[in-house]
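Same order as they appear, the protein sequences are chains D and U. So the first sequence is numbered by the working numbering: it starts at 1 and just counts up by one. So the second sequence is numbered by the working numbering: it starts at 1 and just counts up by one.
One or more hints might be untrue.
Stated by the list, open to error - Below, simulated DSS-like cross-link-like pairs (lysine-lysine); rule was C-alpha separation at most 30 Å, straight line: (1) D:Lys-81 x D:Lys-166; (2) U:Lys-27 x U:Lys-100; (3) D:Lys-81 x U:Lys-89; (4) U:Lys-53 x D:Lys-88; (5) U:Lys-95 x D:Lys-166; (6) D:Lys-26 x U:Lys-27; (7) D:Lys-26 x U:Lys-53; (8) D:Lys-81 x D:Lys-26; (9) U:Lys-53 x D:Lys-81; (10) D:Lys-26 x U:Lys-100; (11) D:Lys-166 x D:Lys-88; (12) D:Lys-81 x U:Lys-100; (13) U:Lys-27 x U:Lys-95.
Said to hold, decoys possible - Footprint (simulated), chain U over chain D, 3 or more residues, beta carbon under 8 Å: (14) 26 to 36; (15) 78 to 91; (16) 152 to 164.
If you are wondering where the hints come from, they were derived from the structure by calculation, not from laboratory data. The beta-carbon is built from N, C-alpha and C at its ideal position, and this holds for glycine as well.
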Amino acid sequence: MDLHAIAFWSFSALAVLSAFGVVFSKNIVYSVLSLISTLIAVSGLFFNLGAELIGALQILIYAVAIVVFYVLVISTVPQYKGQAVDPKYMLISIPVGFVIFMELAYVSIYGAWSSATGIFSPEVIGEVGNIKAVSSMLFTKYLFPFEVASLILLVAMVGAILLGRKEQVMEEGK
Amino acid sequence: MSIPYEYYIALSGLLMVLGLIGVTVRKNIIAVLISTELMLNAVNIAFVAYDMKLNDVAGQVFVFFILTIAAAEAAVGLGLVMAIYRLRKDVDVEKLSELKL
């Protein structure tokens, strides 16, 4: 039982327990706090896999920026008084979810493992580092999607402002 | 690396199914959006695990794009929640049925 195994089991147990908290908490604030716990555990898993850049970005973007969005909106909308979960969907969704999980496990174990491997072997990664390898791909082969992503962020920002603003009908001319 | 990559994929599948159950059963529309974030995280874990297995970094680039899309989705989705609340004074998904015939 080395350090990688201990880190994997503790982070994955934390992630799964917090995910149950996200799905089944009655209070929405507890759901968001469990979401932060899940995100930090997933970030730990990324560090454990060796993806340092993605792990750091996960904390910076998800666990800080996106969760702050949710907290702001929850503090604006008054507390939801109704039932948290719908029992009639619960009865259907748990067996269906189990079937989907089995399908995902089957496909991922017997399907995609035999596809082609890339050039970034552990020796290359150990020489140049993970961050340099990722950004060399990001700024050469995926440069156009990167620019499109910034455009998407701009459009989403404008859309969020348009959707969330208060309609002020100022009819001064009449 | 002592942990098999299949374990990471199994964890990813478990988080994905939990998010799917959350989207199905929750009645608060903000909780539905939070469960969507859970599903996006499951996809991220699968991307990075396959990446390390197949000796590539393209999956991590895609995780970067997923982070961007998640931020955009949260901004637009929560803007919609604010607009819906202002219009209906309610965030229950069962009561948002104006498109129903």
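Here is how each hint holds up against the structure:
no.: 1; hint: D:Lys-81 x D:Lys-166; verdict: holds, 24 Å
no.: 2; hint: U:Lys-27 x U:Lys-100; verdict: holds, 17 Å
no.: 3; hint: D:Lys-81 x U:Lys-89; verdict: holds, 12 Å
no.: 4; hint: U:Lys-53 x D:Lys-88; verdict: violated, 41 Å
no.: 5; hint: U:Lys-95 x D:Lys-166; verdict: holds, 22 Å
no.: 6; hint: D:Lys-26 x U:Lys-27; verdict: holds, 10 Å
no.: 7; hint: D:Lys-26 x U:Lys-53; verdict: violated, 39 Å
no.: 8; hint: D:Lys-81 x D:Lys-26; verdict: holds, 10 Å
no.: 9; hint: U:Lys-53 x D:Lys-81; verdict: violated, 46 Å
no.: 10; hint: D:Lys-26 x U:Lys-100; verdict: holds, 28 Å
no.: 11; hint: D:Lys-166 x D:Lys-88; verdict: violated, 36 Å
no.: 12; hint: D:Lys-81 x U:Lys-100; verdict: holds, 24 Å
no.: 13; hint: U:Lys-27 x U:Lys-95; verdict: holds, 10 Å
no.: 14; hint: 26 to 36; verdict: holds (count 4)
no.: 15; hint: 78 to 91; verdict: holds (count 8)
no.: 16; hint: 152 to 164; verdict: holds (count 11)
In summary, the numbered hints that this structure violates are 4, 7, 9 and 11.
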